[in-house]
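Line by line, the protein sequences are chains W and G. Mapping the first sequence onto the working numbering, position 82 (from 1) lands on 82, and the numbers just tick up by one. Mapping the second sequence onto the working numbering, position 133 (from 1) lands on 133, and the numbers just tick up by one.
Honestly, I wouldn't trust all of these hints.
Distance windows between CB atoms, simulated [stated by the list, open to error]:
id: 1; chain 1: W; residue 1: 28; chain 2: G; residue 2: 265; range: 33 to 39 Å
id: 2; chain 1: G; residue 1: 226; chain 2: W; residue 2: 38; range: 26 to 32 Å
id: 3; chain 1: G; residue 1: 226; chain 2: W; residue 2: 23; range: 17 to 23 Å
Please keep in mind that the hints were generated in silico from the structure rather than gathered at the bench. What you are looking at is a predicted structure, and each value in this text was computed from that prediction instead of being measured. Glycine included, C-beta positions come from ideal geometry on N, C-alpha and C.
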Amino acid sequence: MTRLAEISGQVPDCVVAAWVDTRTGAVRERHVERPATFIDAALEAATEVMRSRERPPRMVLLSARHVHMFHRMAHDPHRVLVVICERSPNIGLAVALVRSFADAEAAAA
Amino acid sequence: MNPPAELEVLHILERMPPNASGALVRERADGTMAGALLVERGRVCWAMSERYRLRLTDILVAEQDTLNLGQLNEVFAMCHRDHMPLGETLVARGLVSLPVLHRALLRHTCEALDCLVREDAPWSWIEHSGYGYHPMLTFSPAEVLAGVRAIANPTLAARALKRLRAVVRTGQRGFAVERSSGSKLPLAQVGCEGIDLVAIADLAVQAEEVMAVAATIDIEVALAELGGLACASWAEDNVLFVLLCDGELAFNRLLAQVAAMIIYP
Chain W
1 MTRLAEISGQ VPDCVVAAWV DTRTGAVRER HVERPATFID AALEAATEVM RSRERPPRMV
61 LLSARHVHMF HRMAHDPHRV LVVICERSPN IGLAVALVRS FADAEAAAA
Chain G
1 MNPPAELEVL HILERMPPNA SGALVRERAD GTMAGALLVE RGRVCWAMSE RYRLRLTDIL
61 VAEQDTLNLG QLNEVFAMCH RDHMPLGETL VARGLVSLPV LHRALLRHTC EALDCLVRED
121 APWSWIEHSG YGYHPMLTFS PAEVLAGVRA IANPTLAARA LKRLRAVVRT GQRGFAVERS
181 SGSKLPLAQV GCEGIDLVAI ADLAVQAEEV MAVAATIDIE VALAELGGLA CASWAEDNVL
241 FVLLCDGELA FNRLLAQVAA MIIYP
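Whole structure, please, built from the sequences with the hints as guidance.
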């Protein structure tokens with residue numbers, strides 16, 4: 001099991017987990033848990049939002065139905081973890097899990 | 001075309017030496033004084049303009065219907081005669097409450113400053129070291145700027161302030177900017193008195209850029225964490241709101257708050 005599959009399995013109602021490259025706009029790796037038509041557009045928006053390194057390294061965006069979580073890696077600022085899950089009362093748990101995962105990835109680097 | 005009054009005010013406020021006390025005076029070529037902005041320890045105390053005719057007493061009567069001009073003029077004459085501070089005397093006598101006086105002074109200062117910046121006369125800085133204003137009755141540059149900004153669009157500003165007051169919790173700060181406006185100067189603010197104007201504008205620009213991209217995927221609220229500061233932003237009715245929270249678990253607390261909030265498109 002890949003690390004992305006691991007986190008998408010843990011986050012409740014996960015739609016997708018991915019690594020994107022903000023320099024090239026490329027999706028380096030993705031694990032789709034629940035196929036949805038908006039995933040490509042959402043990853044593109046994540047790349048755009050996190051492209052400027054002046055932006056905070058950690059962001060959470062809420063739509064009416066989904067939670068989008070972005071983490072920029074300190075050691076590799078072009079590499080951004082994106083996890084999108086469905087919006088539910090477990091929002092705090094999802095955010096905490098993704099944060100721990102990003103911290104573990106940073107520590108392992 | 002002249003730049004908007006709030007930009008002129010921003011430039012004037014930026015001229016004030018940090019923590020300085022004195023007056024920024026505008027004198028015409030013929031030697032007459034157009035008006036002045038009084039400053040104490042970097043905070044605005046009072047503004048006067050020859051073009052601005054409304055008196056503080058008129059505003060106080062409009063703000064508090066239990067007051068009448070006769071009462072106020074009597075106290076005003078006594079303060080003038082005995083060299084007593086008018087505001088503090090009105091509060092001490094129970095004629096007005098501190099919040100009403102604060103609101104009236106801020107309105108008078110902002111409206112007078114809005115007139116003063118439209119004059120065509122050079123500014124000069126006259127320093128002084130005498131302190132006399134009650135800190136509660138002086139204003140931060142952010143408060144003054146929001147007050148002047150609100151003159152241009154009072155309905156939108158009042159709505160933004162009402163919304164901010166409804167969402168800003170104890171220990172939090174928030175401000176609102178008009179989205180279609182080129183400048184990112186506050187339209188309304190709550191608790192941002194201590195925040196530098198440039199920092200407010202930077203936060204507004206960042207929030208606006210994020211919301212512009214996020215809108216393509218129907219995002220309602222964006223949250224960001226920078227150091228110990230958490231920041232949430234969202235747009236309603238052409239107004240961008242920014243809510244700031246710091247301290248322990250700031251991000252988690254703000255997340256829980258905005259997740260439960262209803263955003264009005």
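Original post:
Are residue 226(G) and residue 38(W) spaced within 26 to 32 Å by their CB atoms?
Top reply: holds (28 Å)
**OP:** Take the C-beta atom of residue 28(W) and the C-beta atom of residue 265(G), compute their distance, and say whether it sits inside 33 to 39 Å.
**Re:** Holds - the Cβ-Cβ distance for residue 28(W) and residue 265(G), about 35 Å, lies within 33 to 39 Å.
Subject >> Distance restraint evaluation - residue 226(G), residue 23(W), Cβ atoms, bounds 17 to 23 Å >> reply: Given a distance of about 22 Å, which is inside 17 to 23 Å, the answer is holds.
In this structure, none of the earlier numbered hints is contradicted; all agree with it.
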